[in-house]
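**Q** Below are the chains, spelled out letter by letter.
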Amino acid sequence: MTRVLFAAMTAVATGVAFVFLLLPLAAIFLRVPIGDLYDQLGSQVFRDALVVSLKTSLIAHVAVLVFGTPTAYLLARKRFFGRGALITLIELPLVLPPAVAGIALLAAFGRLGLLGDELDALGISIGFTQTAVVLAVAFVESPFYLRGAIAAFESVDESLFSAARTLGAGPWRVFGRIAIPLAAGGLGAASALALARGLGEFGATLIFAGSLQGVTQTLPLAIYAQFDQDFDVALAISALFILVGAAILIGLKVFTWARLGSISRFRLVTSTSR
Amino acid sequence: MGTARLDLKVPTRDFDVEVALDVGAETVALVGPSGAGKTTVLRAIAGLAKPSRRLVAANGEVWFDSDRRIDKRPEQRAVGYVFQEYALFPHLSVERNVAFAGGDPGDMLERLGIGDLAKTKPAELSGGERQRVALARALARKPEILLLDEPMAALDPHTRGRVRAELRTLLHELGLPTILVTHDFVDAAALSDRIAVLVEGRIVQTGTAEELIASPATPFVAELAGGNLLTGNARPRVDGLTEVVLESGVTIVSTDEADGPVGVVVHPWEIAISREETGDSAQNHVRAPIESIVPVGNRRRVRIGPLTAEITAASAERLELEEREVVVAEFKATATRLTPMS
Numbered sequence: 095m096t097r098v099l100f101a102a103m104t105a106v107a108t109g110v111a112f113v114f115l116l117l118p119l120a121a122i123f124l125r126v127p128i129g130d131l132y133d134q135l136g137s138q139v140f141r142d143a144l145v146v147s148l149k150t151s152l153i154a155h156v157a158v159l160v161f162g163t164p165t166a167y168l169l170a171r172k173r174f175f176g177r178g179a180l181i182t183l184i185e186l187p188l189v190l191p192p193a194v195a196g197i198a199l200l201a202a203f204g205r206l207g208l209l210g211d212e213l214d215a216l217g218i219s220i221g222f223t224q225t226a227v228v229l230a231v232a233f234v235e236s237p238f239y240l241r242g243a244i245a246a247f248e249s250v251d252e253s254l255f256s257a258a259r260t261l262g263a264g265p266w267r268v269f270g271r272i273a274i275p276l277a278a279g280g281l282g283a284a285s286a287l288a289l290a291r292g293l294g295e296f297g298a299t300l301i302f303a304g305s306l307q308g309v310t311q312t313l314p315l316a317i318y319a320q321f322d323q324d325f326d327v328a329l330a331i332s333a334l335f336i337l338v339g340a341a342i343l344i345g346l347k348v349f350t351w352a353r354l355g356s357i358s359r360f361r362l363v364t365s366t367s368r
Numbered sequence: 016m017g018t019a020r021l022d023l024k025v026p027t028r029d030f031d032v033e034v035a036l037d038v039g040a041e042t043v044a045l046v047g048p049s050g051a052g053k054t055t056v057l058r059a060i061a062g063l064a065k066p067s068r069r070l071v072a073a074n075g076e077v078w079f080d081s082d083r084r085i086d087k088r089p090e091q092r093a094v095g096y097v098f099q100e101y102a103l104f105p106h107l108s109v110e111r112n113v114a115f116a117g118g119d120p121g122d123m124l125e126r127l128g129i130g131d132l133a134k135t136k137p138a139e140l141s142g143g144e145r146q147r148v149a150l151a152r153a154l155a156r157k158p159e160i161l162l163l164d165e166p167m168a169a170l171d172p173h174t175r176g177r178v179r180a181e182l183r184t185l186l187h188e189l190g191l192p193t194i195l196v197t198h199d200f201v202d203a204a205a206l207s208d209r210i211a212v213l214v215e216g217r218i219v220q221t222g223t224a225e226e227l228i229a230s231p232a233t234p235f236v237a238e239l240a241g242g243n244l245l246t247g248n249a250r251p252r253v254d255g256l257t258e259v260v261l262e263s264g265v266t267i268v269s270t271d272e273a274d275g276p277v278g279v280v281v282h283p284w285e286i287a288i289s290r291e292e293t294g295d296s297a298q299n300h301v302r303a304p305i306e307s308i309v310p311v312g313n314r315r316r317v318r319i320g321p322l323t324a325e326i327t328a329a330s331a332e333r334l335e336l337e338e339r340e341v342v343v344a345e346f347k348a349t350a351t352r353l354t355p356m357s
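First to last, the protein sequences are chains A and B.
Remember, my numbering sits 94 above the position in the first sequence when you count from 1.
Remember, my numbering sits 15 above the position in the second sequence when you count from 1.
Keep in mind that the hints were calculated from the coordinates and are not lab data.
It is possible that part of the hints are untrue.
Partner residues are not named here, just some residues of chain A that face chain B (Cβ under 10 Å, in silico) [as the list claims (entries may be wrong)]:
{"id": "1", "residue": "S256"}
{"id": "2", "residue": "A257"}
{"id": "3", "residue": "T260"}
{"id": "4", "residue": "A263"}
{"id": "5", "residue": "A340"}
{"id": "6", "residue": "L343"}
Now the in silico label distances, taken between C-beta atoms and shown as ranges [stated by the list, open to error]:
{"id": "7", "chain 1": "B", "residue 1": "E181", "chain 2": "A", "residue 2": "A157", "range": "52 to 62 Å"}
{"id": "8", "chain 1": "B", "residue 1": "P276", "chain 2": "A", "residue 2": "A179", "range": "37 to 47 Å"}
{"id": "9", "chain 1": "B", "residue 1": "T135", "chain 2": "A", "residue 2": "K347", "range": "29 to 39 Å"}
{"id": "10", "chain 1": "A", "residue 1": "R125", "chain 2": "B", "residue 2": "R111", "range": "52 to 62 Å"}
{"id": "11", "chain 1": "B", "residue 1": "P48", "chain 2": "A", "residue 2": "A245", "range": "41 to 51 Å"}
{"id": "12", "chain 1": "A", "residue 1": "I274", "chain 2": "B", "residue 2": "N313", "range": "53 to 63 Å"}
{"id": "13", "chain 1": "A", "residue 1": "G270", "chain 2": "B", "residue 2": "K65", "range": "17 to 27 Å"}
{"id": "14", "chain 1": "A", "residue 1": "F349", "chain 2": "B", "residue 2": "P48", "range": "40 to 50 Å"}
Selected chain A positions facing chain B (in silico; Cβ < 10 Å) [said to hold, decoys possible]:
{"id": "15", "residue": "M95"}
{"id": "16", "residue": "T223"}
{"id": "17", "residue": "G264"}
Cβ atoms here follow ideal geometry from the backbone N, Cα and C, with glycine treated the same way.
My request is simple: use the sequences and hints to build the entire structure.
**A** Structure, rendered in structure tokens:
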């Protein structure tokens, strides 16, 4: 009897959870016909926001990859005092409200911030420019990339690095020929997740860069700006995000599944002998 | 032909590994229990672990010298290192694995008889093939010294024998100073010219397999080399022989001299089995039930209480030995070696 009760309880809980999570997403597509949503994507607000989003996300993402990959490699391979603390610090932005990240960026790079005078002297003003959007996006997405990239490098067998060195490879060759190719799967997954997070960045950008159409108004900010003016535009952009997000997730699952498949094939081969 | 000189002290978590060894154009096996520091020695030679002092030199070229502050990086040392489990690069074909060391991989693959595997990925190879690729890759480095870390451990039991014979032939042909790490005495005996037994970072004995079996310096060496080891208390007898009272209460007589706690070493082939105590010259008789009978080639290894005896298959059949049956194991006082227990 208690068994049946437990089964019923878990079934009900699961049902409630699924309806709660999926209903709002479905509502976006059910409220307005798909064709109408598509028409909204021709609007000037959407086009401006798309350009700003793609441009800033791309620049921020490249910067995150260029600086994040060597950082992750170092943190994954070197053992030194304070390493754990450093990794925890890097992960801190993950648990911060985005608004705090925005305020923090203002406090550092804003006109009245820590580096404000220095930047002013150089004739650089960052606050409320596209540069600010790039900084906000990079700040928020980099912990996602770093976490994944550190794990990816750590998963490479240390003896392969040792073997490469005894075979005459210097640090550049070990990095380029061994570490990068063998961590590529994990690096790609981390990169995709970070990119998705960066595209969806809202709070930090709003506070640090503002929401100026055509300059700093990214797609998420456009949703916010449009929802009390033209709800259909907001709906259309949201629908687009759902599709892009689903595509990234499905892509990652398929990718991971294919990789696991190849690993289990590997195990199979090692266990049989000729 | 090259020679290598080692005089190492490497700190590890539990103890310092201190090894002094000159290796000519020969294979020296470092044998010992896991955690004895065997791999640490190899890593220090390759430059992957840092010695706290002293010297590593190969063919007259100094790689590490704490006095002269010389410490070459691993990529600057001509070391052929075959890692445990082989550490082949999984994303590269056999050919590219070997080419990673530089030079034309074709010759080396042909030399090791794996030319037809050039385009294959490591995951598709058998254990023996992987070992060959790892050797080809290490040799493509044109090493002054060859380091093999447990080269037989990743192999299936039924391919071990063949691969061991092939490796033995190859090592002889190469004539390189070679250090081979293994925990298996049989592998060490088959593959090396000399065996150095490493326990807790120190070499306790160096010699040929025959020397280690015949006169083990410590009980550990005796056990490693495959003899029976019984522990007890030795007391000189008036007739010049030594009497050892075992922990089980049985008394063993030996021609070796000792006093105090000792290990008694008896080789399995020195032990005869009979149904009843015979009146022959054997001084030692141990009555115990048979625990197991294991065939080894044309012989049978028979476990009798604390002893392992080795007799021919024919004798085992003639005696109609069965497990759990009580028999007498006999051996002469001259067949025993006593090693002091510290």
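**Q** All hints, please: hold or fail.
**A** Evaluation of the provided hints:
1. S256: Where the cut-off is 10 Å and the nearest Cβ of chain B is about 5 Å from A:S256, the hint holds.
2. A257: Holds, because the Cβ-Cβ distance from A:A257 to chain B comes to roughly 4 Å (cut-off 10 Å).
3. T260: Where the cut-off is 10 Å and the nearest Cβ of chain B is about 4 Å from A:T260, the hint holds.
4. A263: Since chain B brings a Cβ to about 6 Å from A:A263, closer than 10 Å, the hint holds.
5. A340: 31 Å, violated
6. L343: 26 Å, violated
7. B:E181 / A:A157: 52 to 62 Å: Because 53 Å falls inside the window, the suggested range holds.
8. B:P276 / A:A179: 37 to 47 Å: Because 52 Å falls outside the window, the suggested range is violated.
9. B:T135 / A:K347: 29 to 39 Å: 30 Å, holds
10. A:R125 / B:R111: 52 to 62 Å: 56 Å, holds
11. B:P48 / A:A245: 41 to 51 Å: 34 Å, violated
12. A:I274 / B:N313: 53 to 63 Å: 56 Å, holds
13. A:G270 / B:K65: 17 to 27 Å: 25 Å, holds
14. A:F349 / B:P48: 40 to 50 Å: 44 Å, holds
15. M95: Since the shortest Cβ distance to chain B is 52 Å, the answer is violated.
16. T223: Violated. Min distance 43 Å.
17. G264: The hint holds - A:G264 has a Cβ within 10 Å of chain B, the shortest such distance being about 5 Å.
The earlier numbered hints that this structure contradicts are 5, 6, 8, 11, 15, 16.
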